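Novice: Protein chains in written order, with our numbering: chain W, 1 to 146; chain D, 147 to 281.
You may find that some hints are simply not true.
[Unchecked claim] Heads up, simulated DSS-like pairs for lysine-lysine below, C-alpha to C-alpha not over 25 angstroms straight-line:
(1) W:K135 with D:K270
(2) D:K185 with D:K272
(3) W:K140 with D:K201
(4) W:K135 with D:K272
(5) D:K201 with W:K135
(6) D:K153 with D:K270
(7) D:K272 with W:K140
(8) D:K270 with D:K185
The set of hints was computed from the structure by calculation and includes no laboratory data. As the structure is a prediction and not an experimental result, all values here were calculated from the model.
These are the residues of each chain, in order.
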Amino acid sequence: MSLASVFNIAGSGMSAQTTRLNTVASNIANAETVSSSIDQTYRARHPVFATMFQGAQSGGDSLFQNQDAGGQGVQVLGVVEDQSNLDARYEPNHPAADAKGYVYYPNVNVVEEMADMISASRSFQTNAEMMNTAKTMMQKVLTLGQ
Amino acid sequence: MSISFDKALGIHEQALGFRAKRAEVLANNIANADTPNYKARDLDFSAVLAAQNEKTKSGSFALNMTNSHHIEAEGLGSGDESLLYRTPMQASIDQNTVDAQLEQSAYAENSVNFQASFTLLNSKFKGLISALRGE
């Protein structure tokens, strides 16, 4: 029944937005986590969203996936690390400073992360509201003939 | 004389099915509002209505039955031909064509239309019940 799949679709949307909110929380929490080497410094993390199709969801992942068919929700393909340059600051008195007196700050843009957080929160709300509307519609159908 | 549910219920049964299907398509648009390269979809009501009218006119359903073992195809004929892509009002930098406000209003409108179709279908059933009771 197609109304029931609205629950799956909205649920997948809420799950994806939760992942996004989690990465935002992780980024903001680690925005000031300094390190003395480039390799060990925290890098901003971002989720990658992709549309979920019917075949992929039921397990039978076909090579000839019907791109023309309607999607069946959203999935998080993975979480990628931002490869842009880290912020190197000259702070020789810092306990984590390296031999040249530099400490490395993460490439997290807190303002961007806050905007991302609001966007994720709104999208989550929309999905939850959509689920509620579908529930009302289904309950209405159950009263057929009464 | 036999009672035919198809004749008694008219188009409302198919209309309700169409509304449920469209709710699914619009829900998918809203869920993918942040997916890069996603293209918003929608069902074309007039195309589905025209297809249904064509079926009604021709007397039988679209498939030809050339063998007595064939089973008559029934239900809503909303194939891929009625599932279209939405024209974006404002291009997005990540190639996503979902306008969240547009999709939300379409979803709300579809929900109201669903209730309207349901009310009409329900009144058809009530008519049948009162006819059966003969009160």
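Novice: Look at each hint and say if it fits the structure.
Specialist: Hint check results:
At roughly 23 angstroms between alpha-carbon atoms, K135 of chain W and K270 of chain D fall within 25 angstroms of each other, so this suggested pair holds. The suggested pairing of K185 of chain D with K272 of chain D is violated, with an alpha-carbon distance near 42 angstroms, which exceeds 25 angstroms. Restraint check: the Cα-Cα separation between K140 of chain W and K201 of chain D comes to about 29 angstroms, which exceeds 25 angstroms; the hinted pair is violated. Taking the CA atoms of K135 of chain W and K272 of chain D, the gap is near 24 angstroms; set against the 25 angstroms cutoff, the hint holds.
Among the hinted pairs, K201 of chain D with K135 of chain W is inconsistent with the structure: their alpha-carbon atoms are about 32 angstroms apart, more than 25 angstroms. Distance check on the hinted pair: K153 of chain D and K270 of chain D sit about 11 angstroms apart at the alpha-carbon level, within 25 angstroms; holds. Using a Cα cut-off of 25 angstroms, the hinted pair K272 of chain D and K140 of chain W holds, with the two alpha carbons roughly 15 angstroms apart. For a cut-off of 25 angstroms, the pair hint linking K270 of chain D to K185 of chain D is broken: about 38 angstroms separates their Cα positions.
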